[in-house]
Amino acid sequence: MEEIELSSAHKGPRIAAAILLLVIGVGALVFAFMQLLAAQSGWQEIGASSGSVSCADEFTLLYDLGAGGESASAEKRALNALWSQATTTGYQLFTNDSLFADTHNVRYINDHPNEIVEVDPALYQAFSQVVSSGDRHVYLGPVTDYYQNLFFCQSDSETAGYDPAQDESLRQWYAQCAAYASDPQAVALELMDGNKVCLHVSEDYLAFARQEEITDFIEFGWMKNAFLADYLAGVLEEKGFINGAVSSYDGFVRNLDQRDTVMGINVFDRPDGQPVAAAVLQYSGPHSFISLRNYPAVELDERRFYTMEDGRVLAAYLDTADGLQRTAADGLIVYSETVSCGEMALELAPIYVADSLDTDALTALAGEGVYTLRCEDGQVLYTDPDAQLSDFYETEDVTYTSKFVG
304 MEEIELSSAH
314 KGPRIAAAIL
324 LLVIGVGALV
334 FAFMQLLAAQ
344 SGWQEIGASS
354 GSVSCADEFT
364 LLYDLGAGGE
374 SASAEKRALN
384 ALWSQATTTG
394 YQLFTNDSLF
404 ADTHNVRYIN
414 DHPNEIVEVD
424 PALYQAFSQV
434 VSSGDRHVYL
444 GPVTDYYQNL
454 FFCQSDSETA
464 GYDPAQDESL
474 RQWYAQCAAY
484 ASDPQAVALE
494 LMDGNKVCLH
504 VSEDYLAFAR
514 QEEITDFIEF
524 GWMKNAFLAD
534 YLAGVLEEKG
544 FINGAVSSYD
554 GFVRNLDQRD
564 TVMGINVFDR
574 PDGQPVAAAV
584 LQYSGPHSFI
594 SLRNYPAVEL
604 DERRFYTMED
614 GRVLAAYLDT
624 ADGLQRTAAD
634 GLIVYSETVS
644 CGEMALELAP
654 IYVADSLDTD
664 ALTALAGEGV
674 YTLRCEDGQV
684 LYTDPDAQLS
694 DFYETEDVTY
704 TSKFVG
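In the working numbering, the protein residues as written are 304 to 709.
Any given hint might turn out to be false.
Claimed, not checked - Label-pair restraints from in silico Cβ distances: (1) Ala384 to Glu605: 28 to 34 Å; (2) Ser431 to Ala468: 44 to 50 Å; (3) Asp360 to Ala404: 19 to 25 Å; (4) Gln514 to Thr704: 55 to 61 Å; (5) Gly670 to Asp507: 39 to 45 Å; (6) Ser505 to Gly681: 22 to 28 Å; (7) Glu541 to Glu516: 38 to 44 Å; (8) Gly681 to Gly709: 15 to 21 Å; (9) Ala377 to Gln514: 37 to 43 Å.
No lab work stands behind these hints: they were computed from the structure.
Values in this document were obtained by computation on a predicted structure and should not be read as measured data.
All residues carry an ideal CB built from backbone N, CA and C; glycine is no exception.
Input sequences plus hints: build the corresponding full structure.
The following block contains the structure:
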């Protein structure tokens, strides 16, 4: 076990040492400034001004204005316009709720099974990662779409029509949909040259879909914001805006800053049912982060959790085995310098959406440059041999320590 003090180094010119806080495992970022810059420069949140429906309400862009040589005001105007456009386009591409003119998005593909469709390169890249991973969660479209109705329920009595744990016939329907989702002969994405894809759906599955009024064969579900985070980060990088970080409310983070800015991620635990910051992971340079958790913590979490009166939490993580919700741990932080959020989400899906945590699988991921942090019995367990942990939580009853488990 090793305790590491949070260093106060890296105070050079143009370096605003900041701590990037992952608040209650959400991925919503709060920067603590270690030196104040002029009012019009420094780390600021960039808003979106588009009047169109977008994903801006689920994402935060924090940027070090003025650090790139351009005036802070000019840089902010350019970023505002770019961020507004990117969050609008990203929403339109990855949504399964609406169609948009001249946009072949997820909704359009679901409406045109067994047809060749040309899609935006960003959506094609996401589909390529899905196909390459072999993970089948994206094919749980029917149950993902139906299960999401739970999160709009106003009372426990309303949940019975959507929660398979309360209705055996519904449980069987979830299992039948999951069986189709798990079968590559029933449903599969085929990639073609020229950003073209085809969603193959068997005649048997199509007949079942018509009978059950199913219209959603694919759905990114809880992983959607992982791919959106990558898309938004890619748009910023393409335009040369790299002195910032993109984060979603549900725990997907892309830090683009290539400088020596010292940042940190809070590692949260729930020793007595209440979240505490067990430690801080210190890092610098470009990273991707995922924070997975099975409990609500912020207001927007009403979109993906429902808490029953008896305390049982219905979460958005559905298993391809039978369509039922499962989580292998209360919380898990995953990060990499080289692997994107979308790729990590696909790798973690079968590990986290399970009855128990496969620690051997986490160790194997470390060999690929994908590292994890989790808390267990007062310890912060980490698989990155170079991890720098500090600021351990300490009270009269508990003192957190760290342990390498790679």
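Now for the hints, and whether the structure bears them out:
1. Ala384 to Glu605: 28 to 34 Å: holds, 31 Å
2. Ser431 to Ala468: 44 to 50 Å: violated, 35 Å
3. Asp360 to Ala404: 19 to 25 Å: holds, 23 Å
4. Gln514 to Thr704: 55 to 61 Å: holds, 56 Å
5. Gly670 to Asp507: 39 to 45 Å: Given about 40 Å between the Cβ atoms, the range holds.
6. Ser505 to Gly681: 22 to 28 Å: violated, 51 Å
7. Glu541 to Glu516: 38 to 44 Å: For Glu516 against Glu541, whose Cβ atoms are near 41 Å apart, the range 38 to 44 Å holds.
8. Gly681 to Gly709: 15 to 21 Å: holds, 20 Å
9. Ala377 to Gln514: 37 to 43 Å: violated, 58 Å
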